[in-house]
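Colleague: If you want the building blocks of each chain, they are given just below.
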Amino acid sequence: MDARSTTPEETTLQPQLESEESENNGRIPGNRGMWAGILAEMTEFGLLFGVYFVARFYNPESFQLGPGQINTLAGTANTVMMISGSYFVAKAIQTIRIDNRAATLRWLFLVLLTIVGYATIKSLEIQWNIENGVNGRSGVFFTVYYYLTFTHMVHVLWGGMGLLWIMLRTHSGHYSSESHEGMESFASYWHATDLVWLVIFPLLYLLR
Amino acid sequence: MSKLPHNRLLDLLWIVLLALTLGGSWLGESSPPGIGLGLFVTLVIAVKGRIVIDHFMELKNANATLRRLMHLYFYLIPLVAFLVYLTNIIKL
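As given, the protein sequences belong to chains A and B, one line each in that order.
The numbering of the first sequence is the working numbering, which starts it at 1 and goes up by one.
The numbering of the second sequence is the working numbering, which starts it at 1 and goes up by one.
Keep in mind the hints are simulated off the structure, nothing from the lab.
In this text the structure is predicted, and so the values were computed from the model without any measurement.
Every residue gets a Cβ at the ideal spot worked out from N, C-alpha and C, and that includes glycine.
Incorrect hints may appear among the rest.
Pulled a few chain B residues facing chain A out of the computed Cβ check, cut under 10 Å [unchecked claim]: (1) L18; (2) T21; (3) G24; (4) P32; (5) V44; (6) G49.
A short, non-exhaustive set of chain B residues, derived as facing chain A with CB atoms under 8 Å [to be verified]: (7) S25; (8) L59; (9) V80; (10) A81.
Using the sequences and the accompanying hints, generate a full structural model.
Modeller: Shown next, in the form of structure tokens:
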């Protein structure tokens with residue numbers, strides 16, 4: 001018998017598996033409306049990264065010296081917050097899929113803590129900048145730095161409001177293993193906001 | 001890695017992302033500017049992006065158009081960042 005031949009059970013299962021796979025391949029995490037927003041967000045930041053590239057191309061010295069004058073520790077700590085928030089929300093999706101609402105709420109609460117952590121670190125960083133004479137008029141690098149990081153902060157704060165809504169809906173039993181599209185939409189938005197920071201951090205804080 | 005249950009894979013990837021972040025920060029602070037630093041930092045952007053897109057966002061086995069668009073973004077941005085950084089190194 002050919003080693004690659006299939007048993008009758010496998011033959012019966014094959015079309016079903018293929019159908020499930022193709023269904024999965026067309027699946028959109030969350031809903032289409034949220035993905036329109038995510039693609040708009042990625043485009044918005046794509047344009048801002050374009051501004052960064054042009055400014056860097058024409059002002060190499062300013063962009064080589066700039067990262068040394070901002071707080072790398074704050075940038076690193078906020079990256080830890082963003083990555084962890086993204087991980088916690090992925091875990092929340094895992095737990096709602098098995099109808100464990102209590103665990104889902106705990107993971108979502110951890111996401112909230114990362115947002116509070118991010119906002120606290122960001123305010124300390126701005127205070128540190130002011131004390132060290134760094135502001136938006138300190139040079140082209142700092143103008144780009146403030147534009148990129150403030151725009152990202154606005155997206156984080158929007159996400160924070162969305163998270164509170166999702167937590168409320170989870171608490172009221174709105175989501176289940178069968179129906180959690182709203183939570184998946186929020187998770188996709190939050191991962192996109194994390195992705196943007198994963199570009200901002202090295203461009204501004206590390207590439208000197 | 002894909003043989004791991006998804007839950008365990010998420011745990012592992014979180015640790016990988018944290019290690020890349022801390023390692024990248026240490027290297028960025030301690031290394032002199034140069035092609036090596038530029039290459040490492042931009043490669044890390046691409047790797048981290050791919051991890052989040054494929055596994056946290058779960059696009060690896062989902063809608064192909066969205067997955068390709070997001071992957072493309074994380075090929076283009078690191079590539080352009082490296083090329084611009086390279087021109088900076090040459091100019092300075």
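Colleague: Give me the numbers of the hints this structure contradicts, sorted from smallest to largest.
Modeller: Failing hints: none at all.
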